[in-house]
Structure formats: structure tokens, C-alpha cells
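Could you put the whole structure together from the sequences, leaning on the hints where they help?
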Amino acid sequence: MIDEHATGSIWHPRHVWVTLGAVAMIFLAATQALAVTTVMPLVSADLGGAELYAVAFAGTLATSVIGMVAVGAWCDRTDPVLPLTTAVALFVAGLLVAGFAPTMQVLVLGRLLQGLGTGGQTVALYVVVARVFPATLHGRVFAAFSAAWVIPSVIGPFLAGVVAEQAHWRWVFLGVAVLTLVAFTVVYLRLHALPLGTAEPSHEPVARRLVLACLVAVGALALSLAGEAGVGAPAVIAGALLVIAVAIRPLLPAGTLTARRGLPSVVLMRALIAGALFGAEIYVPYLLIEDYGFSATTAGLGLTSAALLWAVGADVQGRVGDRLGNARITVVGATLLVVATLTATATAAWHLPPWALISGWALAGAGMGLMYPRLTVLTLAYSTPQNQGFNSSALSISDSVGASATIAVMGLTFVALSATDAAFPAVFAIATTLAVVAVLPGLRMGRAAERTES
1 MIDEHATGSI WHPRHVWVTL GAVAMIFLAA TQALAVTTVM PLVSADLGGA ELYAVAFAGT
61 LATSVIGMVA VGAWCDRTDP VLPLTTAVAL FVAGLLVAGF APTMQVLVLG RLLQGLGTGG
121 QTVALYVVVA RVFPATLHGR VFAAFSAAWV IPSVIGPFLA GVVAEQAHWR WVFLGVAVLT
181 LVAFTVVYLR LHALPLGTAE PSHEPVARRL VLACLVAVGA LALSLAGEAG VGAPAVIAGA
241 LLVIAVAIRP LLPAGTLTAR RGLPSVVLMR ALIAGALFGA EIYVPYLLIE DYGFSATTAG
301 LGLTSAALLW AVGADVQGRV GDRLGNARIT VVGATLLVVA TLTATATAAW HLPPWALISG
361 WALAGAGMGL MYPRLTVLTL AYSTPQNQGF NSSALSISDS VGASATIAVM GLTFVALSAT
421 DAAFPAVFAI ATTLAVVAVL PGLRMGRAAE RTES
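Going by our numbering, the letters in the sequence shown line up with residues 1 to 454, in that order.
Hints are supplied without guarantee of correctness; some may be wrong.
What follows is a set of in silico ranges between Cβ atoms, one per label pair, in the way DEER data are often shown [claimed, not checked]:
{"no.": "1", "residue 1": "Gly8", "residue 2": "Leu194", "range": "16 to 22 angstroms"}
{"no.": "2", "residue 1": "Ile289", "residue 2": "Gly325", "range": "39 to 45 angstroms"}
{"no.": "3", "residue 1": "Glu290", "residue 2": "Leu181", "range": "26 to 32 angstroms"}
{"no.": "4", "residue 1": "Ala419", "residue 2": "Ile289", "range": "16 to 22 angstroms"}
Read the hints as simulated data drawn from the structure, not as lab findings. Note that the structure is predicted; figures quoted are calculated from it, not measured. Even glycine gets a Cβ: it sits at the ideal position worked out from N, Cα and C.
If you want it as C-alpha cells, here you go:
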């Protein structure tokens with residue numbers, strides 16, 4: 001372990017290579033995720049198999065849950081280097097399979113492998129942060145991780161289009177695979193010589209958790225594909241939500257679904273704000289295109305301002321988060337998110353000028369920038385070396401499932417009301433409700449970070 005009082009910056013020579021490599025890995029994963037959205041229509045046209053278009057996205061999200069649980073349990077038993085190596089290997093293997101895929105079926109297989117790696121890589125990096133950096137620097141590390149999502153959100157789709165046009169869509173997968181190996185090598189060369197194991201490894205049984213993770217993955221996949229069920233979509237969604245609710249409980253801290261004080265409330269709040277933000281942002285460019293005649297490129301600017309303010313909010317949290325306190329961050333962050341979703345609701349309902357939606361949605365990014373990395377910091381603060389993997393995977397699972405479940409419910413609502421003027425207002429109102437409800441667990445998160453750093 002690195003002495004907690006030895007350094008005071010994530011860019012100190014003892015930390016800088018881990019910081020650079022880890023941020024680069026987050027950056028590349030974000031770039032690839034956003035770029036695939038741009039090139040997938042080209043992929044589908046080239047390879048055929050249009051019926052698998054949705055599965056190419058949903059499958060990655062579903063298998064990521066399995067990767068989160070497996071790597072989380074592995075990290076609790078040993079140091080995180082080998083689990084991280086395995087996750088990166090799966091991620092790169094998935095990219096290579098997709099990049100060289102001769103058919104859409106093979107590409108979907110690559111995306112499933114990629115999901116296993118993506119979920120595991122995220123959890124392993126959280127554990128690396130917990131065991132390499134002093135607790136006083138966790139906020140700044142996760143602020144840097146948040147910032148690593150900003151540039152891809154601004155240039156990722158455009159860059160993917162350029163690569164696809166000037167080279168080939170396959171390089172969107174293959175290029176990221178090569179660069180990820182470079183970034184991981186930087187991290188590995190620094191980590192492999194550090195004693196990052198735990199003196200008292202966890203011996204919790206893993207098989208049951210993996211089975212439950214598979215059930216959650218199946219439920220998440222069913223939710224993502226529920227729209228294909230036609231009139232049976234409500235039944236599919238209800239059944240999938242039931243499966244997820246039953247299977248997910250042992251994968252989360254006890255008391256999560258009832259907002260028990262401390263870590264359970266941290267994990268629950270993450271699910272709620274992820275659902276509010278990621279569910280609603282799908283419909284922001286959609287509304288600008290549908291009702292205001294924006295082009296696809298111009299409509300994307302509606303999300304750019306939110307991405308930039310997310311980075312600003314994350315930086316503020318990283319620098320003064322402890323002074324602000326968890327309750328104040330909750331109130332300010334949730335208020336900004338509520339104002340943003342209410343503005344979107346009002347714009348859709350009363351046909352306000354488009355600048356109202358664009359400027360209002362920027363506030364959602366500011367609020368998430370304050371709250372999102374803070375929840376990760378608190379999760380590690382509430383963790384011990386024996387459960388850092390479990391808690392990190394729980395946070396990531398709640399994030400993914402909260403977003404996918406909300407997107408599915410919003411999609412069903414939107415389709416049901418598509419013949420009326422209430423479709424867009426309804427989905428934004430759902431987001432507003434989730435943002436308001438998130439305040440309850442947000443005020444029950446406790447003060448773990450302050451105790452850890454005192």
C-alpha cells in the first residue's frame with residue numbers, strides 16, 4: 001500500500017502513471033460506447049441482421065452485470081491486478097471479435113464479451129483506487145474519471161463518423177482495442193509491484209451470486225427488448241422487473257431497497273439518479289429533432305452543455321466535497337437535476353423555445369457532476385478490504401439496472417402516448433419523480449468519508 005500521508009496529489013510521481021492509465025482506460029471505454037451508437041447503423045447495413053440491432057446494445061449492458069459481480073468477488077479475495085487484467089482481456093477480445101466480425105451474429109457475440117469486460121474493468125478500477133490512493137484523494141480521482149467521459153461525449157460520435165467514412169467502421173472497435181492495451185500496460189507496470197492484497201480476504205461463496213447476476217442480466221436484457229413484444233410488452237416488463245427485484249437483493253447491501261441509513265442509501269440513490277438522467281437524456285435530442293426540426297448533429301449539442309457542466313460539478317466535488325458535506329451535495333445536486341427535468345417537461349408540454357431545453361438540461365450535468373463521483377467516494381469510504389469488490393460491484397449494478405429499468409418504462413410510456421402530445425412530457429415527468437425521490441436516500445447517506453479522513 002502507498003502511505004496515506006506520503007502524497008497530496010493524484011499527479012504526484014508515485015501516483016501519476018496509475019492516474020494516467022486508469023483515466024485513459026475510462027476515456028477509451030466511454031469513447032467506444034458513444035462511438036458505437038454512431039456507427040451501428042453502418043454495421044447493420046454491412047453485416048445484415050437488422051433484427052439483432054437492439055441486442056447489440058442490450059447484450060453489452062446485460063453481461064456487464066455478470067462481469068461486475070465476478071470481478072467484485074474476485075477482488076475481495078485477492079489483489080485487483082489479475083481481475084483487472086482478465087476484465088481488460090475480455091474487453092479487448094470483445095472488441096477484436098466485433099471488429100473482425102463477418103456476420104451480425106458474430107458481432108453480437110463480441111459485444112457480449114465486451115460487456116463482461118466493461119463491467120469487470122469498472123469494478124476493478126474502483127478497487128485499485130481504494131487500495132492505491134489515500135482516502136483524501138478519492139474524490140479527485142473520481143472527478144478525473146468523470147472528466148474522462150466529457151471529451152468522448154463531445155467528440156466521440158463525430159470522431160466515429162470520421163473514422164467510419166475515412167477508414168472503416170471496423171476501426172472504431174479495433175482502434176480502441178489497441179489503445180486500451182497501451183493504457184492498461186501503463187497501469188499494470190506500476191501496479192504489479194505493489195502489495196495490493198488484503199490480509200483478511202473474503203471467503204463468501206461466489207457461485208450463488210453469479211447465478212443471481214445471470215438472472216439480473218436476463219431481466220435487464222428482457223427489459224431492453226420489451227418493445228419488440230408488441231401488445232405483450234407490459235407483461236414482459238412486469239416479469240422482468242420482478243425477476244430483477246428478486247435476484248438483485250443479495251447483490252446489494254442489505255437494506256438498499258428500503259433506504260437503510262449509510263451505504264444502502266448510497267447505492268439506492270445511485271440507481272435513482274442514473275435512471276432520471278440517462279433515461280431522460282435519450283429524449284432530449286429526440287424532442288429537438290421531432291418538434292423543433294434540429295438536425296441530428298445540432299440536436300447533439302443539447303447534451304454537450306450538460307457534459308461540460310458535469311465535469312465542472314465533478315471538479316467542485318473533488319476539491320471541496322468534504323467541506324460541502326453529503327447532505328448539501330444531495331440537496332444542491334438533486335435540485336439542479338429536478339430543475340432540468342422540469343424545464344424539459346415544460347418545454348415539451350408548452351412548446352417553449354428550444355434554448356430553454358438546452359440551457360436547462362445543462363443543469364442536469366452540473367447536478368450529476370456533484371453527486372455521481374461523491375457516491376463512489378462514499379462507497380469506498382464505507383468499505384473494508386474484504387468487501388471493496390462487493391460494494392463497488394453493487395454500486396455499478398444499481399447504476400446499470402436503474403438506468404435500464406427506467407429506459408424500459410419510459411419507452412413503454414412513450415409508445416403508449418405516441419399518438420398524443422403527452423408522450424415527451426410524460427417521460428420527462430418520470431425523470432423528475434425519480435430525481436425528487438432520490439433526495440430521501442441522499443439525506444440518509446451518513447458521513448463515512450468524513451470519518452475516514454479525520
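The hints, checked one at a time:
Range check, glycine 8 to leucine 194: Cβ separation about 19 angstroms, and the 16 to 22 angstroms hint holds. Distance hint for isoleucine 289 and glycine 325: a CB-CB separation of about 41 angstroms, consistent with the stated range 39 to 45 angstroms. Range check, glutamate 290 to leucine 181: Cβ separation about 41 angstroms, and the 26 to 32 angstroms hint is violated. Evaluation of the 16 to 22 angstroms hint for alanine 419 and isoleucine 289 yields a pass: the beta carbon distance comes to about 18 angstroms.
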